[in-house]
Each structure stands twice: as C-alpha cells, then as structure tokens.
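Q: So the protein lines, in turn, are chains A and B.
Under our numbering, residues 129 to 491 are what the first sequence spells out, in order.
Under our numbering, residues 31 to 665 are what the second sequence spells out, in order.
Simulated from the structure, these hints should not be mistaken for lab results.
What you are looking at is a predicted structure, and each value in this text was computed from that prediction instead of being measured.
Note that beta-carbon positions come from the ideal geometry of N, C-alpha and C, so glycine has one too.
Any given hint might turn out to be false.
[Claimed, not checked] Each computed DSSO-like pair below joins lysine-lysine, with the alpha-carbon atoms no more than 30 Å apart:
1. B/LYS507 with A/LYS234
2. A/LYS433 with B/LYS440
3. B/LYS643 with B/LYS507
4. A/LYS232 with B/LYS418
5. A/LYS232 with B/LYS549
6. A/LYS232 with B/LYS498
7. B/LYS498 with A/LYS190
8. B/LYS529 with A/LYS232
9. B/LYS500 with A/LYS190
10. B/LYS168 with A/LYS232
11. B/LYS326 with B/LYS341
12. A/LYS216 with B/LYS529
13. A/LYS429 with A/LYS166
14. A/LYS234 with B/LYS549
15. A/LYS191 with B/LYS501
16. B/LYS503 with A/LYS190
17. A/LYS160 with B/LYS468
18. B/LYS326 with A/LYS193
19. B/LYS168 with A/LYS237
20. A/LYS193 with B/LYS307
21. B/LYS118 with B/LYS468
22. B/LYS500 with A/LYS232
23. B/LYS540 with A/LYS142
24. B/LYS529 with A/LYS193
25. A/LYS193 with B/LYS399
26. B/LYS399 with A/LYS191
27. A/LYS142 with B/LYS279
28. B/LYS168 with B/LYS101
29. B/LYS468 with A/LYS191
30. B/LYS507 with A/LYS193
31. A/LYS190 with B/LYS501
32. B/LYS503 with A/LYS237
33. B/LYS643 with A/LYS232
34. B/LYS529 with A/LYS260
35. B/LYS399 with B/LYS92
36. A/LYS232 with B/LYS507
37. B/LYS529 with A/LYS191
[As the list claims (entries may be wrong)] These stretches of chain A come out as covered by chain B in the derived footprint (C-beta under 8 Å, 3 or more residues):
38. 141–147
39. 196–208
40. 268–276
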Amino acid sequence: MEERYEEALNRLEKIAENFYEQLEDGEIPNMKVPTRSKSNIELDRREGVWKLGDSTTSRSAKKLKSARMLLRTLYMLELIQDMIEEGKSSTLREMYYISEGWDKAKFNKQSESDSLAEDMELVSGCLREDFKLRPEEDGARLIGDITVEEVNRKGNVRKINCRDDVGDSGYTIPYNVESDKVNFTDTNVDFMIAIETGGMFDRLVENGFDEEANALLVHLKGQPARATRRVIKRLSEEEDIPVVVFTDADPWSFRIFASVAYGAINTAYLSDFLATPTAEYVGITASDIMTYDLPTDKLSKNDRKALEQELEDPRFDTEFWKEEIETMLDIDKKAEQQALAKYGLDYVTETYLPEKLGQMGLM
Amino acid sequence: MASIAEELADKQQEISVGEFFERNKHILGFDSLTKALVTTVKEGVDNSLDACEEAAILPEIKVEIEEVDEKEYRVAVEDNGPGIVKRKIPEVFGKLLYGSRFHEISQSRGQQGIGVSAVVMYGQLTSGRSTTVRSKVKEKDYAKEMDIILDTKKNEPEVQREEVVLWEGKEHGTRFETIVKGLLRRGKHSVFEYLKNTAIVNPHARIIYKRNGDKTVFKRATDQLPEETEAVLPHLKGIELGTLAKMAKSSDRRTLKSFLKHEFSRISYSKSEEICKKAGMEEKTNPGDLEVEDCKKVLNAAGQVKLMSPKTDCLAPIKSMLIKKGLKNVLKGDHPEYYAPPVTREPEVYSGNPFQVEVGLVYGGDLPKDSSVRVLRFANRVPLLYKKGGCATTTAIKNIDWRIYGLDQKGGSGMPSGPAVILIHVASTRVPFTSEAKEAIADIPAVVDEIEKGLRECARSLRTHLNKEKKRKKVRKKFTVVNDILPLIAQKSADLLGKEPPELDTSMTKIMGVVYVEKEYSWNNGQCEIKIDIMNYTPSDRELNVFFEKPYPETELLSSNLEPEHNGDHLEWKLKQLDSSETMTINLEFDGGLEEEDLEGTDVYIEGVGETKLIGAESLPDDWDIELAEIEEVD
Chain A
129 MEERYEEALN RLEKIAENFY EQLEDGEIPN MKVPTRSKSN IELDRREGVW KLGDSTTSRS
189 AKKLKSARML LRTLYMLELI QDMIEEGKSS TLREMYYISE GWDKAKFNKQ SESDSLAEDM
249 ELVSGCLRED FKLRPEEDGA RLIGDITVEE VNRKGNVRKI NCRDDVGDSG YTIPYNVESD
309 KVNFTDTNVD FMIAIETGGM FDRLVENGFD EEANALLVHL KGQPARATRR VIKRLSEEED
369 IPVVVFTDAD PWSFRIFASV AYGAINTAYL SDFLATPTAE YVGITASDIM TYDLPTDKLS
429 KNDRKALEQE LEDPRFDTEF WKEEIETMLD IDKKAEQQAL AKYGLDYVTE TYLPEKLGQM
489 GLM
Chain B
31 MASIAEELAD KQQEISVGEF FERNKHILGF DSLTKALVTT VKEGVDNSLD ACEEAAILPE
91 IKVEIEEVDE KEYRVAVEDN GPGIVKRKIP EVFGKLLYGS RFHEISQSRG QQGIGVSAVV
151 MYGQLTSGRS TTVRSKVKEK DYAKEMDIIL DTKKNEPEVQ REEVVLWEGK EHGTRFETIV
211 KGLLRRGKHS VFEYLKNTAI VNPHARIIYK RNGDKTVFKR ATDQLPEETE AVLPHLKGIE
271 LGTLAKMAKS SDRRTLKSFL KHEFSRISYS KSEEICKKAG MEEKTNPGDL EVEDCKKVLN
331 AAGQVKLMSP KTDCLAPIKS MLIKKGLKNV LKGDHPEYYA PPVTREPEVY SGNPFQVEVG
391 LVYGGDLPKD SSVRVLRFAN RVPLLYKKGG CATTTAIKNI DWRIYGLDQK GGSGMPSGPA
451 VILIHVASTR VPFTSEAKEA IADIPAVVDE IEKGLRECAR SLRTHLNKEK KRKKVRKKFT
511 VVNDILPLIA QKSADLLGKE PPELDTSMTK IMGVVYVEKE YSWNNGQCEI KIDIMNYTPS
571 DRELNVFFEK PYPETELLSS NLEPEHNGDH LEWKLKQLDS SETMTINLEF DGGLEEEDLE
631 GTDVYIEGVG ETKLIGAESL PDDWDIELAE IEEVD
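Work out the full structure: start from the sequences and follow the hints.
A: Written out as structure tokens, the structure is:
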C-alpha cells in the first residue's frame with residue numbers, strides 16, 4: 129500500500145479512537161471541526177492566499193443533528209478504509225448513493241456528504257484524493273503550446289502537446305493532477321488566460337487566439353474544479369506562467385476569480401495547494417461595461433445582495449475590487465462575455481483582449 | 031306537549047309590517063343567490079332549535095337541498111320539535127314578524143332573523159310556488175299539511191291547500207318544503223359551513239344534511255340540553271326610544287309609575303317616582319297617552335337616575351366542556367393537537383343589556399398552516415358567516431399581538447395566521463348587531479374588551495402548550511440520540527478499532543440531563559389504571575418526592591404497587607433514591623367511573639429536581655404547602 133494511503137488510514141482511525149475514548153470516559157462524544165465561513169478566513173501574507181483561521185465548531189452528540197453527523201463520519205470512515213484496502217475509488221456522487229444504505233446515518237442531499245468529506249480532509253489533514261474520493265465532473269480543458277506527460281491507465285507515460293496533439297476541444301484535465309500522474313515538459317506560452325464560459329473558450333480557439341497571442345487557453349467551466357485550479361497553480365509556480373482570468377461581469381463571476389486567485393471559503397484549508405495569488409482579473413469589469421458600451425441586463429435582487437456580501441468579504445477588500453463592486457451597484461447593470469459580439473465575432477480577439485492585456489503588459 | 035305548543039301560540043302577538051320588506055331583501059338576508067340558500071336553511075334551523083329547546087326535546091334536524099332546475103332548489107327543513115297547533119301554522123309561516131319572542135327579552139336565536147315567513151315569501155317571489163308545511167303535535171294521531179303563501183300587501187297568510195295526513199313514524203315535529211332561487215356553493219359562506227358551525231355550538235343537536243343525494247350527519251356530542259334561558263324584563267337604560275313608545279302604547283298598566291315598575295327590570299316604586307319627577311311627568315299619566323317627546327323625557331330622566339345593573343342570570347352560556355365537545359365533534363377530522371380550555375367569561379352589561387362572551391381555540395394537526403386563522407363567530411348559538419371585517423370579534427382579534435402567543439402575525443397587528451381555529455360566542459338578551467341584517471356584532475367597547483380578555487386567556491393556554499411541546503420535542507430528539515444514534519456510534523467506533531463497545535449510561539444521562547415522567551392511562555373492566563414511569567436521566571442519583579393529584583377527592587384508590595401517603599386530594603410517594611439512569615414505575619388502580627376527560631389536567635408533581643430538568647411532570651408549586659395548611663385549619 130502506498131504511503132499516502134497508509135497515513136490516511138492512521139489519521140482516520142484517530143477520529144474513531146477519539147469517539148471511543150470519550151464514551152469510555154462517560155463523556156458526550158464530540159469532534160472539533162475548523163469553521164468554514166467568511167468570518168474565519170484570514171490572509172496569509174507570505175503566500176498571498178486566504179486561509180482558514182483558528183476558530184472551530186464543536187460537533188457534539190448532545191444535539192440530534194450533530195449526533196447524526198458523528199455517526200455519518202464513522203460510516204464514511206469505514207467506507208474509505210474499505211476502499212483503500214480493496215484498491216477501489218469512488219466519486220462523491222457514488223459515495224452519496226452508497227450512503228443510502230447507511231440507515232440512520234444516511235444523508236438527505238449530496239451537498240451534505242460532499243461537505244462531510246471536506247470536513248474529514250480538514251480534521252485529518254489529508255486530501256480527499258488520499259481517501260480515494262474524486263469529484264464527479266472532469267477537470268476542464270486546455271489549449272495552447274505546452275506539452276503534458278500523463279501516466280495513463282496502463283501505467284505508460286504519454287506525451288501530449290496541448291496544441292498539436294489534441295482536437296478542437298483541447299486536452300482534458302484529469303481529476304488527479306499531482307506529479308505522480310501529470311507533469312509539464314515544454315511550455316512555450318507567454319501567459320495563460322482562464323475563461324469562464326465554454327462559448328468564449330471556443331470563440332478564442334476558433335479565432336486562433338492561442339497562437340496569435342502565444343497564450344494557453346484554460347476553460348474554467350463556471351466555478352472551477354479543484355483539478356483545474358491545481359493545474360493553474362502548478363503551471364504558474366513550476367513554469368512561471370502569468371495567469372489572467374476572463375469572466376462575465378457579474379457578482380458570481382467575481383467569486384470565480386476570487387477562488388482561482390485567493391482560494392474559496394469552503395476549501396480555504398486547501399488554499400496553499402489550489403490558489404494562485406498572482407492571477408489577475410482581465411475583465412469584464414464594471415468599468416468595461418461603460419467604456420465599451422456593452423449590452424447589459426439589470427441586476428437582480430440576488431445579484432445586489434451578492435455584491436453587498438462581497439463588500440464584506442475580506443478577499444475583495446482591495447481598492448480595485450471595492451471600486452468595481454460599487455460601480456456595478458451604481459450602474460445597476462451586469463454583462464456577459466458574449467456581449468462583446470455586439471461589435472462582431474473578432475472584436476474580442478482583435479480589439480478587447482489586446483487592449484486589456486496590453487494595459488497589463490502581456491501583449 | 032300540546033300545552034307547550036298552546037302556550038307558545040298564546041304568546042304570539044301581531045306586529046305590524048309592510049310591503050317594505052319585499053323591497054328590502056338585503057335586510058332579510060336574501061341579497062345574493064348563495065346567501066339566499068343559507069338564509070332559507072338558517073331561518074328553518076334556528077326556529078327548530080329554539081322550539082326543541084323550549085320543549086326540552088333533544089333536537090334532530092334534517093336539512094335537504096336538491097337542485098330542481100338551474101339556480102332553483104327544493105329546500106326542506108324538518109325537526110322533531112313539539113309541533114305547531116293547526117290554527118297557528120298559517121301565521122307562523124305566512125305573516126312577517128309574527129313570533130312569540132318579539133316583545134320578550136331573552137337570549138334566543140329568534141332575535142337573529144326575521145322569521146321563517148320570510149322564506150315563504152322569498153320562495154313565492156322567486157319560484158312562484160307556495161311552501162308546503164307539515165306539523166304534528168304529540169296529542170294528535172295525524173299531522174296537518176298546508177300550502178301557504180303570503181299576501182304581502184296585507185301581511186296575511188293565504189292557505190292554498192289544507193289536508194290531514196298520516197305522518198309515519200313521527201311522534202311530533204314540523205317540516206317545511208319550498209322552492210327557491212339560489213346557488214349552492216362550497217366554502218366559508220356555504221350551507222355546509224353554516225350547519226357545521228351550528229353543530230359546534232349546539233352539541234346537543236343531531237343534524238342531518240342531504241345535498242343532491244350526498245348525506246352528512248353531524249352527530250350529537252352530548253345529551254345535555256342547554257340551560258333554560260329566563261325571559262327578563264327590559265332594562266330602562268338599554269332600551270330604544272321606539273321600543274319604549276311601542277311598549278307604552280300596548281301596556282295594560284294604568285299609570286306611568288306602575289308601567290315603569292312592572293314592565294322594566296330593577297325599578298322600584300321609589301325609583302319610578304324619581305324618574306317621573308326628573309322627567310317632569312305626572313305619575314298618574316296613562317302610558318297609552320305618552321307621545322314620543324314624553325318617552326324621550328323618560329329616557330333622559332332614567333339616564334340621570336342611579337339604577338341597578340340588569341340581572342345577568344338570564345343568559346345560558348354553552349360552557350367550557352360543551353364548547354370543547356362541540357369543537358372536537360366537528361373538527362376531529364383535522365386531528366388538532368391541542369384544544370385550549372374554552373373560556374366562559376362572567377356576564378357583563380353594555381348599555382343596560384347583559385351579555386356574556388365565550389372563547390375557544392383549537393391548534394395544530396392538519397389545520398392549514400399558511401393561511402389566516404379561521405374564526406367561528408356566533409351570537410346566541412347562531413353562526414355569523416358574513417361581514418367578518420366589520421365585526422367586534424375581528425376587532426378584538428386584531429387588537430392582540432399574537433406573536434407572543436405563538437401564532438404568526440405580520441407586524442404584530444391584523445389577522446394572525448397559523449394552524450388554528452378560534453371560536454367566539456356572544457350571548458345576550460340583545461346582541462348589539464351592526465345593522466338590521468344582523469350579520470356582525472358592533473364594536474361596543476365593553477363587548478370588544480370582554481372578547482379580547484377571553485381571547486387572551488385562550489392564547490395564554492396555547493402559549494403554555496406550545497412551550498411544553500417545544501420542550502417535549504427537544505427531549506424526544508434527545509431520546510433519538512441516546513436510543514438510536516449513540517449506541518451506533520459506540521458500535522461503529524468499537525468495530526473500527528476491533529474493541530468491545532463501551533458502556534453508555536453516563537454519556538446518556540449527560541446528554542438527556544432530565545428526569546422524565548410518563549403517564550399512561552388504561553381501562554380494565556371499567557376500572558382506570560394509571561402507570562407513572564419516572565426515569566432519572568440525569569448524571570446524579572436523586573431523592574424525589576412524587577405527588578399525584580386525584581381527579582376528585584372522593585375517587586377511591588383501589589391498589590398501588592407502592593404504598594402512597596394520603597394527603598388531602600393528593601397521593602405522595604417519597605422515593606429515597608432513584609439512581610442515575612434508573613426507572614421507577616408506579617401503578618395505580620382507581621375505582622370505576624373515571625373517563626379520559628376526568629383525567630385531563632391531572633398532573634404529576636415532582637419535588638427534588640429543578641423545573642428545567644423535569645419533563646412530563648410539573649415541579650411542585652411554591653404554594654403547595656400553604657394550600658395544605660389552610661385546608662387543615664378549615665377542618
């Protein structure tokens with residue numbers, strides 16, 4: 129058995145041992161879980177990423193809801209133990225279905241079981257990959273002149289150039305992108321641009337923007353999966369490639385940028401591992417809406433609420449973001465990336481991006 | 031029985047009316063097609079209930095509605111009342127404002143309507159048909175059947191057919207059948223709703239409703255007839271000028287002084303003299319000679335004289351137990367979780383008229399959670415279905431901030447919402463209606479105030495119940511933890527470590543942290559057995575004193591597994607030690623005759639554990655000992 133799995137087993141057993149000893153001492157079983165909320169993230173100045181603070185939440189069997197969570201923890205622990213011993217893995221969704229058979233410990237929704245898996249990473253200090261758990265969705269896609277070495281199912285190393293050896297949809301990022309599985313060899317790009325929507329990613333591919341600007345195109349697919357963020361982070365650090373993020377102009381897209389650059393609140397304990405603090409936001413900004421006179425939609429009630437929350441979010445506590453968020457609230461409008469098509473299909477690659485990237489010194 | 035029917039007939043006096051009513055359908059309650067059907071049934075049912083009660087008969091009332099044409103219905107109402115003597119039938123059914131109660135001041139349903147003759151008139155106006163009436167008194171072997179219409183010009187009945195018929199299987203009773211224009215609807219203004227609400231406040235009645243072949247029976251919930259209401263003389267301070275003038279005109283008394291003394295309540299000769307003097311009238315004036323101006327003087331004078339408040343014992347409230355029975359009988363399909371003990375307020379007086387307010391409240395179960403609270407309004411046991419917005423009952427409800435009692439209410443004013451039904455009954459010798467249509471009670475401050483007080487009493491009971499329920503819910507959750515979840519946590523963690531499951535008692539008591547008391551009743555050969563389980567789910571051993579209140583002082587304890595000390599109405603056990611996580615059971619057997627209702631509100635009291643750590647029992651009230659001491663002194 130690999131060492132990382134051996135270690136995971138040991139750490140998980142500690143959790144069970146903890147409960148057992150509490151009961152033996154006549155105490156009420158409880159587990160301390162670091163609090164995952166906006167109020168408990170702090171900036172790691174050295175790393176430039178937002179990490180989890182020190183506050184913890186006690187989950188005690190005194191209350192029915194948390195007693196159930198403790199029992200679920202033990203069931204999940206048993207499942208992971210079995211998977212490691214049998215050399216199997218499962219998706220988070222599969223685990224949720226397996227839990228259907230856990231009787232009094234079954235979950236009501238998948239978000240509950242996903243969240244508990246994250247808690248277990250936190251408490252044990254392991255990664256869910258160590259638990260043989262992987263997300264349902266694939267990582268997203270890459271196109272550009274870099275070469276990847278990937279260990280395939282048969283254990284052979286394959287070299288793939290992400291521009292020449294792939295089809296129009298590019299190289300698909302696997303769920304495990306650690307060095308035992310994926311490594312980068314030749315990288316001949318000046319920067320990478322992470323794009324929120326598939327439509328815009330395909331537009332840039334069709335317009336040949338990767339070759340024209342000598343860029344690596346990364347599709348984020350909405351809120352990016354861990355593997356996507358991990359790839360961005362590794363390319364940025366190991367290959368020293370600057371990162372820019374290109375999204376819609378609305379509060380939810382701002383959060384996509386924040387999770388790429390600073391880390392997500394839910395997985396702040398993994399920020400060291402996933403966040404790329406040097407990433408920059410290229411657009412679309414609220415000011416772009418006015419500068420480029422883009423077609424817009426009115427902000428919904430929820431949009432406004434989200435923006436107001438962002439004003440309280442420590443990750444957005446910078447001059448740039450405060451101004452952008454307040455501008456958006458002022459003009460009461462949002463816009464999609466595709467809104468640039470107002471000026472023609474080539475406008476984004478011939479005018480908008482060159483102008484914006486030019487200001488950043490990347491083009 | 032004939033004597034009662036005769037007596038009623040003698041009391042019937044003629045009252046002048048006119049064609050006026052033909053043009054004023056809204057006053058009669060026929061202003062919409064839906065309402066016309068309700069009013070038709072209501073006039074019949076109110077009459078029937080009044081007649082049965084005066085003759086001390088448990089009412090059984092059949093209501094039949096059948097569609098005969100578009101917007102045309104055959105309506106029949108049949109009762110088992112004393113019946114009407116032959117010569118009076120045309121007048122009861124064919125003469126407007128002809129009734130036995132018009133000069134009488136008493137709490138009766140009849141106050142509410144114009145009389146069943148209005149139905150006859152409405153039928154002939156809308157369908158062109160006469161009304162068929164059949165009535166039988168006990169003494170006769172046969173019934174009389176007549177087709178009646180009303181000559182609205184003369185206000186006289188016209189009998190179109192008269193026959194003697196045999197009424198199989200009927201000892202006594204009255205039935206009428208008429209065809210009217212109308213619209214049969216569902217919902218809160220329906221005949222069904224009217225009958226259902228009638229059944230709630232008349233639990234002594236059995237009401238059968240047939241509607242186009244569908245049959246609903248509102249069963250009788252009690253064999254107890256309402257207390258007889260006493261007719262009282264009017265009080266001079268509550269009377270209207272017109273009524274006073276009318277009474278004076280028709281009085282047999284020869285002097286004003288004796289008229290005031292004998293035809294009004296609470297007036298002595300000396301008071302009468304005082305009034306005459308203040309009014310500047312001769313004591314010897316013949317009441318028949320009084321002009322309206324004179325009557326005004328008398329009323330003014332009465333206002334300046336100190337008079338005793340009217341008697342209030344002329345009212346017959348439904349009373350707590352029967353309100354509860356009525357509500358249970360009709361609402362049991364909704365499985366309410368709680369019936370607040372209904373409140374019967376003491377009688378009060380508004381401008382010379384005695385009145386009494388009763389309030390009931392039902393909560394939870396399948397009652398709809400998201401809509402406004404349902405309000406059942408009654409005046410003298412008659413449901414009020416219309417003009418809710420302008421009713422004193424609504425004003426009183428809106429005056430209360432229901433949020434503190436556990437119901438939702440936007441901004442703490444307006445109608446509350448939540449799974450509740452509120453019943454309000456106003457009984458009076460003269461219910462203060464807002465208009466002649468008698469559909470809503472006027473906002474008289476004294477009346478609103480009484481309703482509000484009654485509502486608050488019920489609301490407080492609800493709050494107590496909800497708090498207890500909340501506490502119980504919390505404990506039930508903890509039971510789930512210690513019974514279901516904790517053993518599994520122990521088992522799983524032991525399995526994962528390859529060890530034996532640990533002992534759980536101490537952890538369990540720490541989670542529960544309460545003394546839990548459970549009471550169970552069962553009946554065996556008519557004898558009531560009560561089982562009381564006392565479980566010490568706290569981490570410490572406890573010395574507990576347990577008290578049980580006997581439902582009645584005379585209830586005899588037949589046996590008990592633990593010998594109690596008898597202490598007045600209470601049984602007491604001193605449990606020297608109940609160890610942590612141990613359970614103690616007390617079994618009691620009481621002498622027969624106890625029913626579930628007798629046991630409602632009997633509590634177990636426990637001394638030796640704080641109130642917050644006690645579930646399912648009451649902690650001993652502070653004044654317990656004082657109470658006992660006082661009883662000893664009296665002895």
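Q: Look at each hint and say if it fits the structure.
A: Status of each hint after checking the structure:
{"no.": "1", "hint": "B/LYS507 with A/LYS234", "in the structure": "holds (17 Å)"}
{"no.": "2", "hint": "A/LYS433 with B/LYS440", "in the structure": "holds (24 Å)"}
{"no.": "3", "hint": "B/LYS643 with B/LYS507", "in the structure": "holds (15 Å)"}
{"no.": "4", "hint": "A/LYS232 with B/LYS418", "in the structure": "violated (49 Å)"}
{"no.": "5", "hint": "A/LYS232 with B/LYS549", "in the structure": "holds (29 Å)"}
{"no.": "6", "hint": "A/LYS232 with B/LYS498", "in the structure": "holds (27 Å)"}
{"no.": "7", "hint": "B/LYS498 with A/LYS190", "in the structure": "holds (20 Å)"}
{"no.": "8", "hint": "B/LYS529 with A/LYS232", "in the structure": "holds (22 Å)"}
{"no.": "9", "hint": "B/LYS500 with A/LYS190", "in the structure": "holds (17 Å)"}
{"no.": "10", "hint": "B/LYS168 with A/LYS232", "in the structure": "violated (69 Å)"}
{"no.": "11", "hint": "B/LYS326 with B/LYS341", "in the structure": "holds (24 Å)"}
{"no.": "12", "hint": "A/LYS216 with B/LYS529", "in the structure": "holds (26 Å)"}
{"no.": "13", "hint": "A/LYS429 with A/LYS166", "in the structure": "holds (21 Å)"}
{"no.": "14", "hint": "A/LYS234 with B/LYS549", "in the structure": "violated (34 Å)"}
{"no.": "15", "hint": "A/LYS191 with B/LYS501", "in the structure": "holds (14 Å)"}
{"no.": "16", "hint": "B/LYS503 with A/LYS190", "in the structure": "holds (14 Å)"}
{"no.": "17", "hint": "A/LYS160 with B/LYS468", "in the structure": "violated (67 Å)"}
{"no.": "18", "hint": "B/LYS326 with A/LYS193", "in the structure": "violated (75 Å)"}
{"no.": "19", "hint": "B/LYS168 with A/LYS237", "in the structure": "violated (72 Å)"}
{"no.": "20", "hint": "A/LYS193 with B/LYS307", "in the structure": "violated (81 Å)"}
{"no.": "21", "hint": "B/LYS118 with B/LYS468", "in the structure": "holds (27 Å)"}
{"no.": "22", "hint": "B/LYS500 with A/LYS232", "in the structure": "holds (23 Å)"}
{"no.": "23", "hint": "B/LYS540 with A/LYS142", "in the structure": "holds (24 Å)"}
{"no.": "24", "hint": "B/LYS529 with A/LYS193", "in the structure": "holds (26 Å)"}
{"no.": "25", "hint": "A/LYS193 with B/LYS399", "in the structure": "holds (25 Å)"}
{"no.": "26", "hint": "B/LYS399 with A/LYS191", "in the structure": "holds (27 Å)"}
{"no.": "27", "hint": "A/LYS142 with B/LYS279", "in the structure": "violated (101 Å)"}
{"no.": "28", "hint": "B/LYS168 with B/LYS101", "in the structure": "violated (37 Å)"}
{"no.": "29", "hint": "B/LYS468 with A/LYS191", "in the structure": "violated (56 Å)"}
{"no.": "30", "hint": "B/LYS507 with A/LYS193", "in the structure": "holds (9 Å)"}
{"no.": "31", "hint": "A/LYS190 with B/LYS501", "in the structure": "holds (15 Å)"}
{"no.": "32", "hint": "B/LYS503 with A/LYS237", "in the structure": "holds (24 Å)"}
{"no.": "33", "hint": "B/LYS643 with A/LYS232", "in the structure": "holds (28 Å)"}
{"no.": "34", "hint": "B/LYS529 with A/LYS260", "in the structure": "holds (26 Å)"}
{"no.": "35", "hint": "B/LYS399 with B/LYS92", "in the structure": "violated (34 Å)"}
{"no.": "36", "hint": "A/LYS232 with B/LYS507", "in the structure": "holds (13 Å)"}
{"no.": "37", "hint": "B/LYS529 with A/LYS191", "in the structure": "holds (26 Å)"}
{"no.": "38", "hint": "141–147", "in the structure": "holds (count 4)"}
{"no.": "39", "hint": "196–208", "in the structure": "holds (count 7)"}
{"no.": "40", "hint": "268–276", "in the structure": "violated (count 0)"}
Of the numbered hints listed earlier, those contradicted by the structure are 4, 10, 14, 17, 18, 19, 20, 27, 28, 29, 35 and 40.
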